[in-house]
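Q: Residue strings, one per chain:
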Amino acid sequence: MRITDRRFATLLMLPAAAFLGVFVVWPLGQFVADSFFDITPIGGERRFIGFGNYIAAFQSADFANAAWRTLAYTAIVVVLEFTIGFAVALLFAALGDRSRIFRTIFLYPLMIAPVVAGLLWRFLLIDNFGILNQLLAQVGILKTANQIAWLSDPNIALFSVALPDVWLTTSFITLVLFAGLQNVPGDVIEAARMDGARFPTLVFRIVIPLLRPVIAVAVILRGIDAARAFDVILIQTNGGPQGSTETLSLLIYRTLVRFGDPGLASAMGTLYLIGLMVVAVIAVTAIWRPGSTR
Amino acid sequence: MNGLLASGRVSRGLLWTVLMLVVVLYGFPFLYLLSTSFKPPIETIAVPPSVFGSTFTLGNYVAALTKDGVVPSLVNSVVTAVISTLLSLGLALPAAYAITRFRTRFGRAFILIALVTRMVPAIVVGAPLIPLFRNLGINDTSFALAIAHTTISLPLSIWLMASFFEAVPEELEEAAKIDGAGRIGAFWRVVLPVVSGGIAVTAIFAFLASWNEFLFALLLTAVRAQTTPIAIANFQTQFGLDWGGMTALAAIYSVPVILLTIFLQRHIVAGLTLGAVKG
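One line per chain: the protein sequences are A and B, in this order.
Counting in the numbering used here, the first sequence tops out at residue 295, every number present.
Counting in the numbering used here, the second sequence tops out at residue 259, every number present.
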């Protein structure tokens, strides 16, 4: 029996589509549906309350604060990773092939579990016996080893919990930008240098504009991952001190598991998801255009 | 690109010095984890802390591996990651092939939807999966957790494999078909062997996605199917944290994948940069 190419293609895609349908789309629908119900955690009794949970979410100071923290956390991660990642990519590009072994070393945190990275950095930054402050004091940057309370000072804790995330995935930005730099034509740089362009001009006027699509993809991917960060933060501070590191994923988890309010957690999660989706869909259609240009 | 930074005023020596500094700063956290794992337990929380312990001991490793549930968790991690990798490849290979070869409207929509599902926060999918797996009678099993992990790795695998299939010349299949192979035969015997490198890269990413995952494991396993990331987090108790045992288990869990990175560096770099740079 001869089936058409179109049927054959659909047949090949069907198992994957069915899998995503059953284990992603259906649970997603379930989750969104839950947001319109008041649900008791133990018996699971459901009472339809319309947009009640959404109203509760919008009225909740916790939700608004967590949303801002998620934005701030994402901004911290993306800005630090891009700055460091781009600088290191330029360094690797300038040093050429002999830097290969160091590129490998630089890659290794990407393979480490976020939960390990979170615990490790908590250990590095912890009050009293954290090694980072000790080393900073020894080289004279800090006066005493207790000067900075990285994870227990609510004013800086959100910054501190982002450090392991930066450590884990700056390599990704470096890799992607390094690969992009390989495609920047050397004669363009040469020509600009001949015209007397200096290093900052070369970077900001020529390299960054040429790499714009690559930078955009790398930054969007990392931004979305950072906005969803969960284990790194949970394991370091569990949202504390005084809620100063409670981002949306942690708040939703806490509302669901600790407070046992699946309805409210679903409403918060749905709003969070809509926010992410809007950004993601704009980014994907504007930059990637998968399948259309190839 | 070599000329970019190497202008007259910036010497090569300075660049190498900066690079060394970056590499040392980047490598230090993990080296400190290793050195802590070999310290006597009491020295792990000594004030002031020191980089190296006074003596070298394997005590933390013995303590970690004899702790209740740790060895089963390592077995669970391997089993879950292997099932999830196979599931991910088994579903992604035909789908990615169809998307790149036949370019139907459904295919274009599908890869877009697959990409968007990558953006869904784990908590949103994880919460409804709890009752779903319970109803299917597979709650707290490695298989159920592998299914959950595949929701993360499948979209990534489809995207990666689509890029690899893209690079296979269509003439190759045409030739196979002229030689009498059917569509399935051409795919199985001609196309798949050509993309075997790409399959390896995709398998590594699918494996790592499951190996390092935490939230699904936290939500969907209790005792039987618990994986090592949860066991590592469990070194934290209400009485404080056993840093010696935790660092030892973290080292046991991380060193194999770090070695893997070093051996397969070129493939991993190819996989990581493929989508981003092409686009």
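Just so you know, these hints were derived from the structure itself, not from any lab.
Backbone N, C-alpha and C fix where the C-beta goes; we use that ideal spot for every residue, glycine too.
Possibly wrong hints are sitting among the right ones.
Computed far set for chain B versus chain A, every beta-carbon distance over 12 Å [claimed, not checked]: (1) Gly87; (2) Pro101; (3) Leu152; (4) Ala155; (5) Arg169; (6) Gln216.
Short derived list, chain A residues pointing at chain B, Cβ under 7 Å [stated by the list, open to error]: (7) Ile4; (8) Val25; (9) Asp63; (10) Val89; (11) Leu92.
Q: Answer holds if the nearest beta-carbon of chain B is closer than 7 Å to that of Val25 (chain A); otherwise answer violated.
A: holds, 5 Å
Q: Against chain A, does Leu152 (chain B) keep a CB gap of more than 12 Å to every residue?
A: holds, 17 Å
Q: Verify that the Cβ of Gly87 (chain B) lies farther than 12 Å from every Cβ atom of chain A, and report whether the claim holds or is violated.
A: violated, 6 Å
Q: The output says Pro101 (chain B) does not contact chain A. Does that hold with a beta carbon cutoff of 12 Å?
A: violated, 5 Å
Q: Tell me if Asp63 (chain A) is really an interface residue toward chain B, meaning its C-beta lies closer than 7 Å to one of theirs.
A: violated, 16 Å
Q: Quick check for students: does the CB of Ala155 (chain B) sit more than 12 Å from each CB in chain A?
A: holds, 18 Å
Q: Does the closest beta carbon of chain B sit nearer than 7 Å to the beta carbon of Leu92 (chain A)?
A: The hint holds - Leu92 (chain A) has a Cβ within 7 Å of chain B, the shortest such distance being about 6 Å.
Q: Hint validation: Val89 (chain A) versus chain B, beta carbon distance must be below 7 Å. Holds or violated?
A: holds, 6 Å
Q: If we take the beta carbon of Arg169 (chain B), is the closest beta carbon in chain A still more than 12 Å away?
A: The assertion about Arg169 (chain B) holds, with a minimum of 16 Å to chain A.
Q: If I take the minimum Cβ distance from Gln216 (chain B) to any residue of chain A, is it greater than 12 Å?
A: violated, 8 Å
Q: When the nearest CB of chain B is found for Ile4 (chain A), is that gap smaller than 7 Å?
A: Status violated, d = 9 Å.
Hints 1, 2, 6, 7 and 9 from the earlier list are contradicted by this structure; the remaining hints agree with it.
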